[in-house]
Amino acid sequence: MLESEAGAAFVLAGGTDLLVRMKLGHIEPALLVDIKRIPAMNSITHSARGTRIGAAVSGAELGEHKAVARAWPGVVEATNLIGSDQVQSRCTMVGNLCNASPAADSVPAMIAAGAKAVVVSRTGRRTVPVEKIVTGPGQTSLARGEVIEAIVLPARPARSGDAYLRFIPRTEMDIAVVSAGVSLTLERGRIKTARVVLGAVAPTAVLVPAAARAIIGSKLDEDALHKLAAACSAACKPIDDKRGTIEYRTKVAGVLGKRAAQIAFQRAGGA
Amino acid sequence: MANDPSYTKQKLKVIGSRVRRPDGVDKVTGRAKYGADHNAPGQLVGLFLRSPHAHARIKKISTARAEKLSGVKAIITSEDLPDLTKGDTAARDILENCMARGRALYDGHAVAAVAAVDEQTARKALKLIKVTYELLPHVTDVDEALKPDAPVIHDYLYTNGVEPRPTKPSNLYNVAEFGHGDVDAGFAQADVVVEKSYKTEQVHQGYIEPHACVGSVNPDGTGELWVTTQGHFTYRSVCANLLGMDIAKLKVTSSEIGGGFGGKTHVWIEPVVLALSRKANRPVKAVMSREEVFRASGPASSTSIDVKIGAKKDGTITAAFAALRYQSGPFPGAIPGMPWAAIGAMTSFACYNLANVKTLGYDVVVNRPKVAAYRAPSAPMIAFAVESTMDMVAKELGIEPLDLRIKNAAREGTRACYGPVYGPIGIGATLQAVKNHPHMRARLKKNQGRGMACGFWFNFGGQTCADLNIATDGSVTLTVGTIDVGGSRASLSLIAAEELGIPYKQVKAHIGDTGSLGHNDTTEGSRGTFSSGMAIVFAARQAIEVLRERAAIMWEIPIEDIIWKDGHAKARGSKYSRLKPLSLADIAAQSPSTGGPIAGHNESVPDNAGVSFASHICDVEVDPETGGTRIIRYTVIQDAGKAIHPTYVEGQMQGGAAQGIGWALNEEYIYGDDGRLQNPGFLDYRIPVCSDLPFIDTQILEIPNPNHPYGVRGVGETSIVPPLAAIGNAISNAVGVRMDHTPMSPPRILKALEQLHAS
Amino acid sequence: MINVSFTSSFRAALGGADALEMEATTLRELMRILVAKYPRMQGHIDDGIVLAINGEIYRDNRDVEIQDGSEVFLMPRIQGG
Amino acid sequence: MAAVLVSTTINGDAVEFACPPQESLLAVLRDRLGLTGVKEGCGTGDCGACSVTLDGRLVCSCLVLGAEVDGREIATIEGMAENGKLHPLQENFIEHAALQCGICTPGFLMAAKVLLDRNPQPTETEIRYALAGNLCRCTGYDKIVRAVQATATELRQLEKKKSRRKKSKKS
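Protein chains in written order, with numbering that gives the first Met the number 0: chain E, 0 to 270; chain W, 0 to 758; chain H, 0 to 80; chain Y, 0 to 170.
In short, the hints are calculated from the structure, not lab data. Fair warning: this is a prediction, and the values are worked out from it, not measured in the lab. For each residue, glycine too, the CB sits at the ideal point set by N, CA and C.
So, partial list: chain W residues that the calculated Cβ filter (under 10 Å) puts toward chain H:
#, residue
1, Y417
2, G422
3, S603
Restricting the straight-line Cα-Cα distance to at most 20 Å, the calculated cross-link-like pairs of lysine to aspartate or glutamate (EDC-like) are:
#, chain 1, residue 1, chain 2, residue 2
4, W, K123, E, E27
5, W, K58, W, D79
6, W, K574, W, E559
7, E, K241, W, D672
8, E, K241, W, E200
9, E, K35, Y, E72
10, W, K507, Y, E94
Here are the simulated distance ranges between beta carbons:
#, chain 1, residue 1, chain 2, residue 2, range
11, E, I37, W, L135, 50 to 60 Å
12, Y, G11, W, Q431, 53 to 63 Å
13, W, S196, E, T134, 39 to 49 Å
14, Y, L4, W, H153, 53 to 63 Å
All chains, full assembly: derive it from the sequences and hints.
Encoded structure:
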């Protein structure tokens with residue numbers, strides 16, 4: 000259907016972004032496909048081998064899944080930060096991803112977690128790292144007729160933790176001005192692997208390998224944190240807009256990267 | 000006695016009790032009807048086409064294709080709205096603001112309107128209207144608009160209030176001066192002089208209910224308008240005048256109002272909706288979108304202010320000066336002789352007893368929406384500047400900021416900075432209450448700071464008209480012409496019950512439409528409970544006269560022998576000991592045979608609503624790494640006069656404080672270089688949400704207004720005045736930076752912190 | 000005799016004066032006398048003015064009695080929200 | 000696009016309506032079904048005035064399409080009072096003056112009810128975050144939070160009484 004529609008075709012999951020764009024007259028869909036009643040897109044499966052979250056699973060439903068919240072507290076928190084309780088009842092990770100806003104809350108956390116998107120079309124199915132989906136503000140690498148069926152999170156080794164922090168001027172209801180997601184695994188008290196991702200500081204969420212390198216091998220001491228913050232700030236290519244300045248985003252990206260790393264470290268059992 | 004407004008010091012029985020509001024059930028069940036909740040048979044949907052440009056000549060509007068669309072019933076441009084204002088410049092500006100005439104003056108300015116059978120059709124029609132614009136240079140910043148090379152918005156505006164009259168038009172349309180004494184001499188006496196410049200960005204009232212109305216004009220020239228408004232009588236006369244209708248032939252009904260705060264004191268879409276209805280010969284309903292509310296209703300001014308205060312070592316202020324530059328959108332302020340900066344200038348140093356004071360108000364036009372009143376209009380911005388500077392003076396002198404204020408506080412006999420001499424006022428009492436408040440002694444943690452600030456507002460009375468009708472069972476109907484934004488039906492019912500000596504539950508208050516009462520001024524200036532309350536007192540006293548007359552007829556004794564006490568007619572003297580007192584219900588039951596319905600009326604112009612003062616205390620915590628600020632604790636202390644319904648008085652104090660907090664921290668209109676508003680929605684125009692705020696403690700001081708029988712003062716507005724400065728002072732005390740620009744948003748605070756650390 | 004003072008903005012209309020001594024028993028009478036003597040004051044009155052008698056503000060009522068020895072202050076009309 | 004025929008349940012009653020596929024549930028409720036207690040403050044999910052529940056979950060009805068609710072259960076403010084008796088939240092909103100202008104009240108009541116149904120003993124912070132999707136410009140939220148707290152206490156006491164009665168019946 001999506002493939003054959005000549006006009007503007009959209010997938011409707013939670014609708015919390017799509018309906019706003021329709022209301023404001025930014026888009027006039029010729030076709031809307033509601034995926035909420037497709038069973039494969041509506042469920043969460045969680046096992047030792049990994050976690051699969053259907054594209055139509057709402058933020059609230061994800062938040063209520065205790066096992067996923069234990070394994071991936073950062074991813075779940077990030078998803079639960081999307082909007083109010085009203086929005087949580089409807090919004091989805093995949094919708095958040097495909098809306099392709101550089102400030103999407105769940106995206107840095109997903110990328111930090113090494114999440115993959117299961118992309119389906121009439122001709123088949125492929126698995127793509129989340130960071131390859133969004134190519135720019137409002138743009139994705141999905142081809143016409145392709146939709147994301149689910150997000151897959153890898154198996155979680157022991158001694159791992161993740162965290163997501165965003166800065167907003169209020170306590171709720173805002174779009175992130177800057178955000179940071181960190182996921183890491185410890186070995187004998189030291190950080191063995193890490194992924195650090197920033198949001199709202201570039202056209203897409205950015206994975207910052209230099210920031211990860213700054214803390215790998217460390218016990219997250221002051222020096223490592225300082226280097227991490229510097230690497231985060233260095234990776235920023237933000238814009239000045241109504242939500243923040245270049246200067247502000249660059250500075251606070253480092254602060255949030257540091258704070259998110261500390262939380263993730265603690266969650267992984269680091270001292 | 001009957002119409003004497005003097006304070007009576009009488010012991011009050013029901014006033015001051017926290018009764019349930021009569022419209023409560025309607026409002027918790029969804030039954031209450033607001034602006035958008037009314038529908039008329041056969042109504043059309045009205046939509047507006049608005050300019051995307053800040054300033055542009057409208058070369059051509061072609062509506063032909065839209066008119067041909069099936070379902071489109073009327074299209075209006077300025078050509079359908081001839082100028083009938085006969086030299087009344089304020090009315091002409093309203094007309095031009097409702098629909099652009101030759102030029103679009105701001106992003107969002109209406110250029111055409113459509114009435115169609117449904118929203119989809121109306122939307123399609125808007126897209127088919129083709130407007131040819133020629134872009135003109137624009138200016139949105141108040142300081143930029145005053146520069147010599149700024150684009151001059153109107154070639155007909157010459158600065159008023161300066162001698163000699165300027166030879167060239169400019170964006171500065173008015174200069175006003177207030178004050179007394181000799182400020183130069185005063186500054187010469189000072190040991191310390193502090194000067195500082197400030198900016199405050201534009202904010203919106205942010206009422207949750209968008210403007211909405213249903214208008215219907217008949218071919219015979221009569222019409223009806225259902226509308227959310229703070230002043231249905233004013234809407235009636237403005238709409239009738241603009242459209243050439245007889246005022247009495249237009250009936251305006253005020254719906255329940257979903258917040259106004261000054262923003263619903265002026266017409267925006269209503270005259271156009273009536274014009275659409277007249278053209279289509281069908282009722283038309285129009286509801287603004289939230290985006291339209293931000294772009295095209297009436298926010299408050301953005302400002303640029305200089306303040307200079309001089310003081311002696313002992314803390315005595317020797318001189319105070321302020322220059323205020325306020326923008327009012329593309330048109331002069333709503334009241335020709337009293338534009339926005341002038342009002343701000345009048346309130347500037349009203350809290351203080353000053354020998355030498357001078358204020359200058361510069362009013363400026365820019366390419367932004369036409370400014371409207373917002374709760375104590377113009378006062379919060381100048382209070383931010385003055386009260387911040389007061390803290391700086393205190394710091395220079397090494398005096399506690401509170402003590403500096405106490406030392407210089409205005410009192411009875413002080414000449415106010417705006418001219419007159421004060422009667423009994425409450426600023427000193429609020430400052431003493433601050434001093435004694437436990438909040439002032441609470442411990443603060445790292446990165447936390449405490450600030451306090453004062454505020455002033457005038458309060459008004461205005462033309463008022465009210466009816467009180469007694470049914471045959473003794474229940475009482477009040478009909479008032481001021482609207483109920485925050486529980487005034489309850490307070491007015493309490494007043495009637497008090498005066499008549501009957502239980503609160505026996506009274507039911509209604510808001511009358513324009514057909515049921517004489518003119519009532521708009522419900523602004525904190526006047527609702529004050530002035531309608533006064534009219535109800537007088538109406539009740541008139542009704543009591545009638546009740547005594549009727550008792551005299553029933554008993555067949557002279558009226559002079561009858562007194563009204565505790566809700567009963569009582570015969571005075573031992574010769575009448577056999578006469579059992581007659582209750583209001585007893586007399587009402589006999590009314591058909593004793594002369595007909597029993598009622599009281601009042602038409603009056605209550606004045607002297609009593610000036611009002613408040614002092615606020617605020618604790619903040621600042622995250623020094625992000626500049627994020629949280630309000631940890633907040634206390635409002637206000638002289639409210641007698642609180643008729645203390646719970647709703649507290650509500651006014653808390654609500655005003657919350658709006659001030661939003662203004663201080665996050666709310667602002669953000670314009671791009673293209674002159675377009677970038678954040679016309681609640682997502683990026685950030686009003687405080689529930690999790691942003693703590694409980695807001697209140698302390699009501701009841702200093703009676705000598706000019707009201709119960710001592711009532713206006714209470715609604717003053718509470719928005721102090722928060723900006725209280726928060727600025729608290730931030731300064733928390734992390735050492737003096738903020739001079741609102742909102743004190745995280746990027747601004749972080750930048751200030753970095754500058755502090757760099758120096 | 001009553002002492003009449005004015006907001007600074009009215010000074011031009013009063014030929015530079017900012018205080019006057021006048022005889023009047025009501026605000027209406029005072030304003031009539033004032034305009035007769037200073038015709039340019041009519042412009043300010045048309046724009047809207049407010050009078051204060053000994054600090055008590057009268058925005059609309061013009062039939063208020065003025066006691067001898069009172070101070071009357073004239074300023075522009077104000078509006079609220 | 001042609002109109003969609005939808006069968007749904009609103010406040011316990013079976014309801015059928017037809018609407019264009021792009022029409023919001025908010026527009027359906029207000030303009031087609033006359034449920035004007037559901038308010039529109041923004042139309043973009045930022046103010047919460049249009050809050051209703053959909054299969055028990057709190058949603059902004061402006062962010063739901065009418066066409067999506069086929070076979071679902073919707074509750075609006077109009078259904079909150081049962082058999083002519085106000086819900087304790089409604090009582091307490093009046094009692095504590097938790098409303099001034101009242102336009103946001105239906106949305107707050109729906110959000111507060113969902114909160115208390117799930118969490119009978121919320122902390123002040125939990126209440127404030129649960130209500131953060133609902134904007135109020137009049138009250139500063141103070142009396143709203145107090146009304147919810149008072150209701151929570153009242154409902155817990157009611158619950159205790161009920162369970163005590165059950166126990167005494169058993170024994």
